[in-house]
Amino acid sequence: MHTVKKNWAPYAFLSPYMLFYTVFGLFPIVFSFYVSLTSWDGIGDKTFVGLANYKYLFDPDSHFFQSVGNTLLFVAVTLPLQMAIGLLVATLLYSRWVKWKGFFQLVNFMPYIVTPVAVGLLFNLLFDWQAGFVNKVLLQLGLVDEGVYWLGEPLYARIVIAVMLIWKGFGYTMVFYLAGMANVPKDLHEAAYVDGASGLRAFFSITLPLLKPVTVFIVITGIIGGLQLLEEPMLLLGGSGMGSSVAVIGGPDRCCLTTVWNMYDTAYGSTTRYGLGAAIAYGLCLIIAAFSFAGARLYKGDSE
Amino acid sequence: MNAASKAKRIAWMVIVGLLTGLLAACGGGNAEDGSSSASGQPASSGSGNDAGSGGDGLKGEFVLWTWEPEHPTALAAFNKKYPNIKMKRVNVAAEDVPKKLQTTIASGGELPDVIRIERGQKAKIFDMGILEDLSGAPYNADTSLLFDYDLPAFSVDGKLLSIPDDMSIAGLAYIKSLAKEYFGTDDPKELEGMFATWDDFIAKGKEVLEKSGGKVKMVPSLGDVNDILKGQRPESYFDGNKLNVPVLENIVSTLVKFRDSGIVDKLDQWTPAWNASFGTDKYMFIESPVWMPQYVIDPNDKKDGRWALMVPPGGGFVRGGSSHGIPKGAKHADLAWKWIEFTSMSQEGAEAQKTDGVFTHYKKAYENKDFTNWTWRNFGDQNIGEKYFVEISAATKDVPENINDTYLDEAMSIVLQTLSKDSSFGTEQAMDRIRKELKAKAPNITW
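Here the protein sequences come in this chain order: Y and U. Taking numbering that gives the first Met the number 0, the leading residue of the first sequence gets 0, the next gets one more, and so forth. Taking numbering that gives the first Met the number 0, the leading residue of the second sequence gets 0, the next gets one more, and so forth.
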């Protein structure tokens, strides 16, 4: 009794946060799970359907696994390239040959802070079939006879999205690698050079191994962030017509339908199946949790 | 009181204060005017004169969800008649209205007194079952004031759920110089005689294609053709959950015929290329709802008098447009109704709205030749008002839609994209694709 009385202060001081978290964090999580077990359009009564929504995720018509596959494909293609380009640019900027380092850091980081709406519209204009700059250049150079239907063919649409994500994301990895390089002790490099190691050898034998924690961090956060991909493909392929116009959800053949886009479209877009939308969200949550768990193990193994 | 207990008392007060503040912030509360239910940016309009009485003695403020900029003349005329009724506009994007309604209802929030409903979202909002029957008491809307084709389009099970606001009947606009060059005339009447059916249109289009060496096509996008054919369909696509397969198949096969003829280009609608096409001489025709000259052709074609308007083969159709509905349980439904009635169902409202660039569905106004007189710089001295509101209007029909139409629209957008890029994709494949898409989105639909 005495202990409880004595320890009231931490609980009391934590209570505003706990209350806030309960209302805006815990309650929505629990409520979403409850909704995922129901059939609900947001207006009528909720009908309890058990695990039917989760079962439906395995039906190809739900596009759940297709959307997960698309998302993982984007992550698998873009993340390694973002990291490679980020590392290359960071190495160049960290070297003694580049002047105006601050300027180049800013220039390379800028795409990351551009709003996704602007990025989507920018690439839409660049890769427009008839009026796009890319097709005009290709036609001028005589490389193609007719403009490439970039956003209408599944393969090309995926390429455009991958290019967009790489362009937007490499500056982010560059910043982390720059920070990581600043922490690599200089004396290790000096010792290597004294022993006759080339710059390339020093990079692969000293810099790169010491950047491993940074790399692991970027991989984990990159995968989690990549699995939440929504705005860029949606704004690129979602069309910009008048209210009556209907865009093709997920791009041609749903090749670019990401998991979050699928969830959004199911719950708030072309259908209003809140229950199924919540089930998709929980499905995605499990996938992110699995990757986070694997990442944490990787990180732990690395630090040990 | 010692120092320790004083400190304890202060600590408690701080905690209680924090918790109270937090709970107060969570509460939100209901503002008197009901605007707290909406997250948009409310903007008060109106006379601001709460004193006195006027216009049926009604007094107060109603909330409107809309994406439209204010119609100042119409609002001023309304305020003149009803000086004690104020309007609070809350900006909600057209495509967000259904979503916002659902989340407001799901969270137990307060709905507005009137909502503007864009045609693309109409079926979805009607399906929610949240709108008042405006033909019943206490509104008792006089449906004879509207056009005949409005009633099926804005009614569900005999209940009138919204009142159309802006005219959206559509004709066919064409570039006069191209018509003159390839058909020997740019007179609308002669062209209407030449194109009695869409088969005539396709046949003539092939001639144009041949004569121009493929440089001039009839229409820029298959989506445009679909808009027209869909708008002219003789019956609804759906009777409840039953799909009217013959009607759909007929439209799909006609689309395939258009595609195979080569007279339609592959532009996607609403893209920069599609917009820019109106300033070129590449495409002779384009669907033209009432809003098209002002909002689409004008900004994209700087030259005057290049266009003319005609009745399409098969008659007029409806494309786009908005209406106003009152949600059940609206606090100030009586005030909102007065506003709808004035702006969309009265001569004064029709005249004021015309000044703001909006033609309403108040039928009687169009009996006056001065009212229908409307020209637009791109169409030279052609009286397009008379063409739209007299000739095309007389040849226009509309059919009811339900929630399943929104799923079909999405399936059709996939089919249109595939038809444009894949010349081997035929009617059968298109119908299979539609079946597959509809099964995924709405398993209740039967064929």
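It is worth saying that the hints were derived from the structure and are not from the lab. Remember, it's a predicted structure, so these values are computed and weren't measured experimentally. Errors might be hidden in some of the hints.
These stretches of chain U come out as covered by chain Y in the derived footprint (C-beta under 8 Å, 3 or more residues) [to be verified]:
| no. | stretch |
| --- | --- |
| 1 | 261-270 |
| 2 | 362-370 |
Below 20 Å or equal to it, Euclidean Cα-Cα: the simulated EDC-like pairs (lysine to aspartate or glutamate) are [unchecked claim]:
| no. | chain 1 | residue 1 | chain 2 | residue 2 |
| --- | --- | --- | --- | --- |
| 3 | U | K363 | U | E350 |
| 4 | U | K214 | Y | D252 |
| 5 | U | K265 | Y | D252 |
| 6 | U | K438 | Y | D144 |
Heads up, the beta-carbon is just placed ideally off N, CA and C, and yes, glycines get one too.
Each hint, compared with the structure:
{"no.": "1", "hint": "261-270", "in the structure": "holds (count 6)"}
{"no.": "2", "hint": "362-370", "in the structure": "violated (count 0)"}
{"no.": "3", "hint": "U:K363 <-> U:E350", "in the structure": "holds, 11 Å"}
{"no.": "4", "hint": "U:K214 <-> Y:D252", "in the structure": "violated, 31 Å"}
{"no.": "5", "hint": "U:K265 <-> Y:D252", "in the structure": "holds, 18 Å"}
{"no.": "6", "hint": "U:K438 <-> Y:D144", "in the structure": "violated, 39 Å"}
Against the hints set out earlier in the document, violations occur for numbers 2, 4, 6.
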